[in-house]
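Participant: These protein sequences, in sequence, are chains A and B. If you use the numbering used here, the first sequence corresponds to residues 1 to 413, in order. If you use the numbering used here, the second sequence corresponds to residues 1 to 245, in order.
Computed beta-carbon distance windows for the label pairs:
1) W283/A with E217/B: 53 to 63 Å
2) R95/B with L259/A: 15 to 25 Å
3) T139/A with A58/B: 49 to 59 Å
4) H265/A with T54/B: 24 to 34 Å
5) L259/A with H203/B: 38 to 48 Å
6) L259/A with A58/B: 38 to 48 Å
7) R127/B with V354/A: 33 to 43 Å
Hint data in this document are derived by calculation from the structure and do not stem from the laboratory. None of the values given here were measured: they were computed from a predicted structure. Even glycine gets a Cβ: it sits at the ideal position worked out from N, Cα and C.
Each chain, written out:
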Amino acid sequence: MTLKTHFREIEGRSARYVALLGGLLVLVALGVLAALMKGSQGHYITGMNNQVVWGLPHIFAILLIVAASGALNAASFSSVFGRVAYKPLARVSALLAMTLLIGGLVILVLDLGRPDRLVVAMTHYNFKSIFAWNIFLYTGFLAVVAVYLWFMMERRMNRYVPVAGYTAFVWRLILTTGTGSIFGFLVAREAYDAAILAPMFIAMSFSLGMAVFILVVLATFHGTGRPLGDLILRRMKNLLGIFVVGVLYFVLAYHLTNLYATRLHGIEAFVLVNGGIYTFLFWAVQIGIGSVLPLVLLFHPVWSQSRRVIAAASGLVLVGGFAQLYVIVIGGQAYPLEMFPGYDMSSSFFDGVVASYTPSLPELMLGVGGVGFALLLFVLALKFLPFLPASLSDEHVDPHADRSSTRTAAAGA
Amino acid sequence: MSSDNSAQLSRRQFITGAAAAVAGLTIAPGVFLLKPAEAAQNPDGPRWGLLIDTSKCADGCTACVRACHEENGVRSLGRPETDAQWIRKVNLTDRATGHQHSLPVMCQHCENPPCVDVCPTHASFIRPDGVVLVDKHTCIGCRYCMMACPYKARSFIHEALTDQKPHAPRGKGTVESCTLCVHRIDRGERTTACVEACNRDGHQAMTFGDLHDPDSEISQRLRNYGSTTIRADLRLNPAVRYQGI
Ligand code: SF4
Ligand code: SF4
Ligand code: SF4
Chain A
1 MTLKTHFREI EGRSARYVAL LGGLLVLVAL GVLAALMKGS QGHYITGMNN QVVWGLPHIF
61 AILLIVAASG ALNAASFSSV FGRVAYKPLA RVSALLAMTL LIGGLVILVL DLGRPDRLVV
121 AMTHYNFKSI FAWNIFLYTG FLAVVAVYLW FMMERRMNRY VPVAGYTAFV WRLILTTGTG
181 SIFGFLVARE AYDAAILAPM FIAMSFSLGM AVFILVVLAT FHGTGRPLGD LILRRMKNLL
241 GIFVVGVLYF VLAYHLTNLY ATRLHGIEAF VLVNGGIYTF LFWAVQIGIG SVLPLVLLFH
301 PVWSQSRRVI AAASGLVLVG GFAQLYVIVI GGQAYPLEMF PGYDMSSSFF DGVVASYTPS
361 LPELMLGVGG VGFALLLFVL ALKFLPFLPA SLSDEHVDPH ADRSSTRTAA AGA
Chain B
1 MSSDNSAQLS RRQFITGAAA AVAGLTIAPG VFLLKPAEAA QNPDGPRWGL LIDTSKCADG
61 CTACVRACHE ENGVRSLGRP ETDAQWIRKV NLTDRATGHQ HSLPVMCQHC ENPPCVDVCP
121 THASFIRPDG VVLVDKHTCI GCRYCMMACP YKARSFIHEA LTDQKPHAPR GKGTVESCTL
181 CVHRIDRGER TTACVEACNR DGHQAMTFGD LHDPDSEISQ RLRNYGSTTI RADLRLNPAV
241 RYQGI
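Put together the whole structure using the sequences plus the hints.
Facilitator: Take a look at the structure:
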């Protein structure tokens, strides 16, 4: 028999909580400072240039946006796929999805050349632009998830939760497709001219979102001293492992299809063999410590019992995702545009050479500022509204759900 | 859809090598072929373009680059990676034969410009006469157009600028590129700073004119001699065409 879930705000008066708030505020302040520096000096103080026009901030932003969509996993499993075990976590899951998305968007906006013209972006739409579409997808996602949360938290609206849950689930799939399509539509660049980028981003959203979610759940339950049973945790770590395999599958498919096309051999060799930092990030970080190592940790019969190991594996998945986005976003730009096939090209505008890019401090500050902002919103929300279940000990998690989850896992989820 | 249409047409030009009368073919082949005399008052209006004969373009000469940047107030700030360049000389070496030549590359004023397609705010736009421009008042500096341009034609302004030319507004945090000397076009002049400089130095490698007017020098040259565009495979039908690549 499952015990009824009680949700309670967190105290928010402990020294630890205040310290956490303080730490996050420092991160936010760093981000604001970076934005001010960029605004007054211009982008030349960053590592970005006319060759690599999107840099570290975009990697942070995309990571947050992709993870936001994936953070909704737990809520979707409960409302859409009827996995009751996840129901107590549905609220936190939806909340985290919203705050991560906001953090990512803030980074994107503050990195614009003219962030002061946000109003222009809101009032002049070019409907042929994936970017303009994404503005709708992102704001729409926030609205849909907010309504979903409200339905979950307001008893009278509870019966509409499945509808809202479905809407949110479909919306997040479209949203991630839209994010992947930002790159998929760039026909001129060899690294991006691939339809598979959109589904690959969806797969990434599942794994990155689950990784963030596990870390956040572990931290909040541990930090608030609320019981968290192994049942739910084991289930989530198994899913994380499956999602990591899913991403690997798309990475493999992407490179195999590219290797099939002779015209893409240059970019493939660049990423896989001779691209220096990009090759290193691909093999060592994305594949090695970001995919293979976490898989070993997550499925090792003994190690995977430890929460520390699960947390470490989740962290490594995030590191791997970061590396993957670095290779896609920066590597794809650093590789020279092939304007004259069959010719070697040179100019004063860095044609024909691998563009240089060195991430700069202001970019890093902006990136961590966005992460800090997302988490700040999250921990503040926990204090003011009952998002967090009072207990997730094993007897609070539906024991029957265990089997259904194993089935999901077996079906490849 | 019009883009499909022109894609087909540009494929035809590509396959037959009959690059003549680009504009006429693009818009209304029938009318154009039957009534060449009237096409000068083309109901579609002009489409401005450039023809660059790379066999006449001298190695090491940068007259066009200097003239453009002088004309439009584009100056180096001593940071090559972030300095704007509206036009640049590209040196090519044929990998198979070792043959070398060079040519200027600027915004190609595509008929189906990817920069315009991706721009979220319509700041990138194409005028009816085919000139692709950035509206400096609505550009938010997202740089998506730079990601999308196959010719690396655009520059982002990475720092504050001074001494701008009144006819070429520029500003920190926005993107810019060759305007096809639109201020001259709008004044009724029929040449650009780069073409003028090339002619002044005696190379005669560049021709400016109306691609829709069959009697214009550029149209006649295009009709009589083969030409191509950079990355013709993308079917963007640029208004800047090349000979001798
Ligand atoms: S060359 Fe580039 S900037 Fe110019 S119209 Fe074409 S896509 Fe746009
Ligand atoms: S940088 Fe400006 S012109 Fe380019 S896509 Fe963004 S808003 Fe449009
Ligand atoms: S047409 Fe004008 S703006 Fe364009 S490259 Fe030539 S001189 Fe520069």
